[in-house]
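Asks: Here are the chains, one letter per residue:
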Amino acid sequence: MSVAAALHRRPRLRLGLLLAPPMLWLGVAYLAALAALLVTAFWTANSFTGEVERTWSLENFRELFGIGVYKTVTLRTIGIAALVTVVDAAIAFPIALYMAKVASPRAQRLLVVAVLMPLWASYLVKAYAWRGMLAEGGLIDWIGKPFHASSPGFGVTATILTLAYLWLPYMILPVYAGLERLPTSLLEASSDLGAGPATTLRRVVVPMAMPAVVAGAIFTFSLSLGDYIAVTIVGGANQMLGTVVYANVGAAGNLPFAAAVAMVPVVIMLLFLAAVRRTGALESL
Amino acid sequence: MNSDLIFYSTVSDVRPSSVHAGAGPEATDTPAIELRGLHKSFGPVHAVDGVDLEIRDGEFFSMLGPSGSGKTTVLRIIAGFESPTAGRVRLAGHDVTDRPPFARDVNTVFQDYALFPHMSVAGNVEYGLRVRKVDRAERRRRVEEALGTVRLAGYGDRRPTQLSGGQRQRVSLARAIINRPKVLLLDEPLGALDLKLRREMQIELKQMQRELGITFVFVTHDQEEALTMSDRIAVFNDGRIEQVATPVELYETPATTFVAGFVGTSNMLEGEAARRILGEPGLFSVRPEKIRIDQPGTTVDAGRCAAEGVVEEIAYLGSTTHAIVALGTGVTLTVQQQNADHVDSALLQRGRAVQLSWPRAHLVRLVATGESHPGDDPTEVESS
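Residue numbers (the numbering used here), protein chains in the order written: chain A, 1049 to 1333; chain B, 2 to 385.
Because the hints were derived from the structure by calculation, they are not lab data. Using N, Cα and C, we set each Cβ at its ideal position, and we do this for glycine too. One or more of the hints may lead you astray.
Partial list, derived from the structure: chain A residues whose beta carbon lies under 10 Å from chain B [said to hold, decoys possible]:
(1) 1117
(2) 1120
(3) 1231
(4) 1236
(5) 1238
(6) 1244
(7) 1245
(8) 1251
Based on the provided sequences and hints, a complete structural model is requested.
Replies: Structure below.
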């Protein structure tokens, strides 16, 4: 009897064989790596040799919560991630609304490509492009000159601008998909019942698009929390959690402490997801 | 066209009071709706191709036609969701052609109900009052009243998703009538309901219309539904109106071949067959139940036409029997017989030679559809 025929009568075995390789990959490369991170955070690094000592201790967390600068960095990171999310939502909503409900099918396709296009370019190139624009005498200075405005320079504002630019597609696409699903008859019904465009937007469009906005926020917020490149390039002397991790892995060679710091965004993200679970956003990811 | 809904540049949440101004409490002389020379093209497609119509105040008016005949587009033009390529729309004497939907004193019951899923039933029903800043106590009172009218009292706190199709339909109705519009537009509102519920809702809608005194404009493709409910019916075909008449007129004296075929079943007689049987050329229709079936050679009363033929097929339908009778000239007629005592059932046999006769008065002379509209208007406005 052929193998195919034997498998035909055993659907569970067939499914098992089919799924084993990807599940193995997911288990080893993804979850095991995360688990290793978690475990490492409870070890310490010998301050002389730099070698990891595999004895259990809460030393890293004590240091993390005990030293004021880490608290500042954590709060700054959360603040930046939150502002990036707000800026992205504010920019993405009108664009997505136009794409979903106004643009012709042809324009719609072109706009989707236009939104995706920046994702095809290197992250570093885009970050350095912003560095160039934000620099003294750069594009922003030049545009602002007639209005007596100048570039914010390198710092937190520049970081927020750059991150908001980098993650914008991740906000636009879910919001666009959400608005696309919004039946046009609901907008007609609202108008029919006497609501002007502003009222329809406030009472129907925004509430119904909210889960999609939260879905986009999950991306922009988590991507911002973990970022360390943009802040290095345009953030001036400011640090984010990502840069602390990077410094401890590289220069300081303190892998366990880096692991402990890396747990912070993970925990923040879990709290964030728990908070938005009830909005139904997770279903619209 | 979607954009019009949310991006009107003139933002106005309050309906202009001028809609009501001038009209007395019972302004029955001015038509509730007046359509003049209405055209609507979607690219190369002429969805509405020259419609003139007056709908009287307080009547139950149906727009009947097959899908794609333009009836829904006309309704959407009245509501303001589409703007006509050419022509004017007047509501109670006021030209509203250029007004957005939120500035027209009409409300719509949508085919898919279009209930707001993020609001409760009460939230949906009070929406129109809310956007017009009616205070809370008044809103609550009228929501109760409207839900009572559609027999859904006590359902205010539920979510639309928790309701059955028929209940959603009622919520959608309550949401529209709570605004006390001059005209209620209904776009195939019973299309999604099963037959039994449909029949119930037909009667209820008719009663509601009579009690509220609102003009109803009802779009349907179901001729039986239109006949049952309407004061008057406009039959649509290919973007044009074939006939506007009461249900009785429409059935008894259809104007065109299309109407005769679409509303009920009709036997058509034309050309040579008409000349031989009726003695005059032309295009005629006779309804199956007007035809009597007799033994060949039976004396025919004055004022009746007669023809002989052979029974080709018999269909027993309980209260009636249908017979398809082939006349010599290649024409077949459908005959409908009541299964009553006095009917000679021996005649209803396949292969049997019979004589058919019907009163000349029930012979309706038709205009062939298409001939009533001599050619397409060459000045047709093309639009993008």
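Asks: Do the numbers back the hint for residue 1244 of chain A, that is, is its least Cβ distance to chain B under 10 Å?
Replies: Holds. Min distance 4 Å.
Asks: Does the nearest C-beta of chain B fall within a distance shorter than 10 Å of the C-beta of residue 1245 of chain A?
Replies: holds (5 Å)
Asks: Does residue 1251 of chain A pass the interface hint, meaning its C-beta sits closer than 10 Å to a C-beta of chain B?
Replies: holds (7 Å)
Asks: Any CB of chain B closer than 10 Å to the CB of residue 1238 of chain A?
Replies: Holds. Min distance 7 Å.
Asks: Return the status of the interface hint for residue 1236 of chain A: holds when the least beta-carbon distance to chain B is below 10 Å, violated otherwise.
Replies: Holds. Min distance 5 Å.
Asks: Hint validation: residue 1231 of chain A versus chain B, beta carbon distance must be below 10 Å. Holds or violated?
Replies: holds (7 Å)
Asks: Is the hint on residue 1117 of chain A kept, meaning its closest Cβ partner in chain B is under 10 Å away?
Replies: Constraint on residue 1117 of chain A not satisfied, violated at 44 Å.
Asks: Taking the closest Cβ pair, is residue 1120 of chain A under 10 Å from chain B?
Replies: This hint is violated: residue 1120 of chain A lies away from chain B, its Cβ roughly 40 Å from the closest one there, beyond 10 Å.
Checked against the numbered hints listed earlier, the structure breaks hints 1 and 2; every other hint is satisfied.
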